[in-house]
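Chains A and B are the protein sequences, given in the same order.
Oh and the first sequence: position 33 is 33 in the numbering used here, straight run, nothing missing.
Offset between the second sequence (1-based) and the numbering used here: plus 1000.
Do not rely on the hints blindly, as some may be mistaken.
[What the hints assert, rightly or not] Derived pair list, reagent style DSS-like, types lysine-lysine, alpha-carbon separation capped at 27 Å:
#	chain 1	residue 1	chain 2	residue 2
1	A	Lys71	A	Lys57
2	A	Lys9	B	Lys1081
3	A	Lys57	A	Lys9
4	B	Lys1107	B	Lys1081
5	A	Lys9	A	Lys71
6	B	Lys1107	A	Lys9
Rather than coming from a laboratory, the hints here were simulated on the basis of the structure.
One-letter residues, chain by chain:
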Amino acid sequence: NAGVTQTPKFQVLKTGQSMTLQCAQDMNHNSMYWYRQDPGMGLRLIYYSASEGTTDKGEVPNGYNVSRLNKREFSLRLESAAPSQTSVYFCAILGVGGAQETQYFGPGTRLLVL
Amino acid sequence: GQSLEQPSEVTAVEGAIVQINCTYQTSGFYGLSWYQQHDGGAPTFLSYNALDGLEETGRFSSFLSRSDSYGYLLLQELQMKDSASYFCAVRVPMDSNYQLIWGAGTKLIIKP
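Based on the provided sequences and hints, a complete structural model is requested.
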């Protein structure tokens, strides 16, 4: 997980509350991603950012917004949390050069929505 | 739709060899990746196959047959620390970029 940090590590929300998940990387990479992982399932892409100033929807974007604040930071916002958004959220960056097929993940944020 | 299938759970003995299979149906294909995830941790990259054949990295090998839409991860000389979930993921085109489509994961249980 070196190079990609996420805050917070854990969060409990009530239905309807809002929050922002933060992701930062110190590897100077262009592409950043937000995934969610539900129990016993693989990762599903929420949003991604190919470069600073651009964001695009992934497979499951409904209920989320993102901001690519600068090259280092990519935040994910839940405007009105719902129990269906209980999940583990991972931020990832894409390798460069010879490692372009590799995604490097942050440690994850575990979110419980009551 | 796009889907990947892999067994939900595999059990093996320490020191043995185990193979985890992955079949896929996707719109477009750039390559097949394998990731390892320990409980409570984040996925970590293991291997990537863009072309048919076997890629070997230490105790781990990965195979791809594009004509069969099939790949596998082979783990040799199993160690207890290899107990984890293993995910296959297919790299597919998305707009002018790409994305990874993930399988649901295979939980590898290793017995002494």
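Tested hints:
1. This hinted pair checks out: Lys71/A and Lys57/A have alpha carbons roughly 18 Å apart, not beyond 27 Å.
2. With a CA separation close to 24 Å, the supplied pair Lys9/A and Lys1081/B stays within the 27 Å bound.
3. Note on Lys57/A and Lys9/A: the hinted pairing holds, with a Cα-Cα distance of about 24 Å set against a maximum of 27 Å.
4. Pair hint Lys1107/B plus Lys1081/B holds up; C-alpha atoms about 13 Å apart against a cutoff of 27 Å.
5. At most 27 Å may separate the alpha-carbon atoms for a hinted pair to count; Lys9/A and Lys71/A meet this at roughly 22 Å.
6. Restraint check for Lys1107/B and Lys9/A: satisfied, since their Cα atoms lie roughly 24 Å apart, inside the 27 Å limit.
Violated hints for the displayed structure: none, as all numbered hints are satisfied.
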